[in-house]
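Colleague: Listed here are the chains, written in short residue letters.
Protein chains: 2
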Amino acid sequence: MAKDLKTTKFVLDESDVPTHWYNLAADLPALPPPPIHPGTGQPVGPDDLAPLFPMELILQEVSRDRWIEIPEPVRDVYRLWRPTPLYRAHRLERVLGTPARIFYKYEGVSPAGSHKPNTAVAQAYYNKQAGVKRLTTETGAGQWGSALAMACAFFELELKVYMVRASYEQKPYRRILMETWGARCVPSPSPDTEAGRRVLAEHPDSPGSLGIAISEAVEDAATREDTKYSLGSVLNHVLLHQTVIGQEAQKQFELAGTYPDVIFGCVGGGSNFAGLAFPFVREKLEGRDIRIVAVEPTACPSLTRGAYTFDFGDTGRMTPLMKMHTLGHTFIPAAIHAGGLRYHGMAPLVSLLYEQGIIEALALPQNAVFEGAVLFARAEGIVPAPESAHAVRAAIDEARRCAETGEEKTILIGLSGHGHFDLGAYEAYLAGRLEDYEHPEEEIRKALAALPQVGT
Amino acid sequence: MAKDLKTTKFVLDESDVPTHWYNLAADLPALPPPPIHPGTGQPVGPDDLAPLFPMELILQEVSRDRWIEIPEPVRDVYRLWRPTPLYRAHRLERVLGTPARIFYKYEGVSPAGSHKPNTAVAQAYYNKQAGVKRLTTETGAGQWGSALAMACAFFELELKVYMVRASYEQKPYRRILMETWGARCVPSPSPDTEAGRRVLAEHPDSPGSLGIAISEAVEDAATREDTKYSLGSVLNHVLLHQTVIGQEAQKQFELAGTYPDVIFGCVGGGSNFAGLAFPFVREKLEGRDIRIVAVEPTACPSLTRGAYTFDFGDTGRMTPLMKMHTLGHTFIPAAIHAGGLRYHGMAPLVSLLYEQGIIEALALPQNAVFEGAVLFARAEGIVPAPESAHAVRAAIDEARRCAETGEEKTILIGLSGHGHFDLGAYEAYLAGRLEDYEHPEEEIRKALAALPQVGT
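So the sequences go chain by chain: A and B. Residues in the first sequence are numbered from 1 upward in steps of one, following full-length UniProt numbering. Residues in the second sequence are numbered from 1 upward in steps of one, following full-length UniProt numbering.
Keep in mind that the hints are not guaranteed to be accurate.
Stated by the list, open to error - Derived CB-CB ranges, DEER-like: (1) B:Glu-408 with A:Ile-332: 55 to 65 Å; (2) A:Asp-205 with B:Pro-452: 32 to 42 Å; (3) A:Glu-407 with B:Leu-200: 52 to 62 Å; (4) B:Glu-404 with A:Tyr-259: 54 to 64 Å; (5) B:Pro-46 with A:Ile-290: 38 to 48 Å; (6) B:Leu-375 with A:Arg-64: 39 to 49 Å; (7) A:Thr-40 with B:Ala-403: 55 to 65 Å; (8) B:Gln-129 with A:Ile-290: 39 to 49 Å; (9) A:Leu-5 with B:Ala-201: 34 to 44 Å.
Just so you know, these hints were derived from the structure itself, not from any lab. Cβ coordinates follow ideal geometry from the N, Cα and C atoms, glycine included.
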């Protein structure tokens, strides 16, 4: 299987599915402070989390072990689509006339179409092991909900998904996908929970929000003995499970005989970015010269315009307070099509890396992002998810700079998923109907002023 | 890269992308009779086809060479997703409790989500080579149109797709996919052609049909110097281009150390089935013991209930007459969700094999098909296209028979695509709203009575 830079896709054998997840916490000189209980102001301990998560995941959340073994039943499922291909974007390079070498690591080959199953499968497995019968979760656009629905089908767990009502009505295909895998999906706010009923009593026509949906899913799990809750991003253990992406990419670059000079990944909660970047961050901490860039939407610029402070993970103020880059839990991002990036905060581990200058960040407006996505689709075939398209556009800009300077940089894109369920967004772009959002300073200042004054 | 039967997916290196297409015509004791010109009653010659197709494709249509070399620029595109994986369906086998070994060859990894790009890319390439600037085609549900749109993006050809109006309105995502790749897509009947205007004058609200759309695309190509026409199934050269599927599968079975006892592929026009089956038909003709089964819908049973005779390829009676299994060009299949299988005829080469008893055929109703598809999705993750699900269901039935008899058969499924754009069909199934169609004898007799009396 001799490879060189002429290769189109660097394909690994399934024996190359990583055996361990990589835990960045083992290699950081300092860790993010622990989450704070909003009532007591004290650090949250394992017992506080036990009603929501099985103990194995709680232990992973605080582990400092560098390598955590992936259970064989999880690897068995990973083999359905992993290792995912690393592509050399020969055709895109030609279109751009760039001397840069562009690579993309493509997670859209999973049956759910994104990186999300990497953690969904692990979480379903540990819950099953712990005797849990049923999971709950929230979902916005539906990428996370559908990944968990698939994982629950594999491990024979019941799943109830609280889906933000606006998305539930706009994106029926994502809902049907969940139902095809056997999950129950209800629009949130729903009459099924106290939290939902409270909202409905006041706003019968509420379009819902991720904040409300989280409250419903958490309440459901906390009030039923057989049920736990599952989250698709932000937390340490979720980021941990995604590190199979970066580990595979490292092996694939060995095959290619090169190494990235710069990596671009999109960031919402941070899990896809972390999954690709953390194994490379480890090498950077050891002295390797590499730029790692998180790309966010101008409509939700938590890294580039947020504060680094303690905040709630949800709008409903039910979660512990985490130290992170945040626009404030009352901030409502503009309605861009990259639904997966519309989160007010950022994973504490990603925030810490940014604060320490180990990673960079930039923000892009959505028309530029879709322009890049269409250019990519016409060159490489794959139609990127609107979220992933942020990384694509940033990489295209870098490659164009290389065309000017003549630099032969090696660029890596984290292509976290396909856009098969997001074509409405492409239609709006092609018809010239997309707006670029940039929240005025005043609005962001106001949201930041509402931040809780805890543990600073 | 040691493999054995425990492997989940048999992945080939891109150096294993076939170098040649396999032409079954070289190995058949007798060929199907040539197509007949409906006006003259004489065999159609290359000159008759020249206004519609470039000469390379016309030559492939009548070639008896066993191997036809795949041009390097076509292989270069194939490498974006080929070789496609062959999966061992371990999880499905466990669910079924069968001693059978179930494999599936998955074409849904192409960016268009099906096997269709295998020929779309080749056709775009040969047209580009011949100096053609623009292609036209028709599409029903949109799988073919989107594959050709992608191929035209790669070779910088203009494309106009006449999409059956009913589908154009019901399946906007498929249309947007074509537009994202740069194609123009109009609902048919359209005011852009004489054929379209004629229908609109009489039926301004016509929902369209594949027959009308073919007439429009052919007229457009025949009346413009810079334009040719492209077809997604039925013809010999289209089937030829699909044989990369079966060749790869043979190599993958060598890795697995086994060989299929029985192959199931769905049939509409016949190209996906032929692509997988023909390389195995060759081995069967050499004496190998293997069953090859074409699976069609009960709503459009051209093999199991049609006549083997000369008929038009389209409802509009514009094409040459081909000897094939047909329900008659006036036959209107019931509105099942497997749109790609709603074709009154069958590829002449596939028809001949069936007539000679080399392949078998069976017909399935759509509720049974979707039941199989959901079972498959919950076991293997992938949500099959409704078309491909016909092969899936037939294989499940075979595996269940093996569970009764204890036979350790090796079963191969042609999984020609995913169902990401067909979730409306899954919703209808899950809600119990799908109907099973079986056309009454009288209706089929009537359609067969309208067959042209030519060249028999």
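Colleague: Does each hint hold? Answer for all of them.
Modeller: Hints and how they fare:
no.: 1; hint: B:Glu-408 with A:Ile-332: 55 to 65 Å; verdict: holds, 59 Å
no.: 2; hint: A:Asp-205 with B:Pro-452: 32 to 42 Å; verdict: violated, 60 Å
no.: 3; hint: A:Glu-407 with B:Leu-200: 52 to 62 Å; verdict: holds, 57 Å
no.: 4; hint: B:Glu-404 with A:Tyr-259: 54 to 64 Å; verdict: holds, 56 Å
no.: 5; hint: B:Pro-46 with A:Ile-290: 38 to 48 Å; verdict: violated, 58 Å
no.: 6; hint: B:Leu-375 with A:Arg-64: 39 to 49 Å; verdict: holds, 43 Å
no.: 7; hint: A:Thr-40 with B:Ala-403: 55 to 65 Å; verdict: holds, 58 Å
no.: 8; hint: B:Gln-129 with A:Ile-290: 39 to 49 Å; verdict: holds, 43 Å
no.: 9; hint: A:Leu-5 with B:Ala-201: 34 to 44 Å; verdict: violated, 59 Å
Checked against the numbered hints given earlier, the structure breaks hints 2, 5, 9 and satisfies all the rest.
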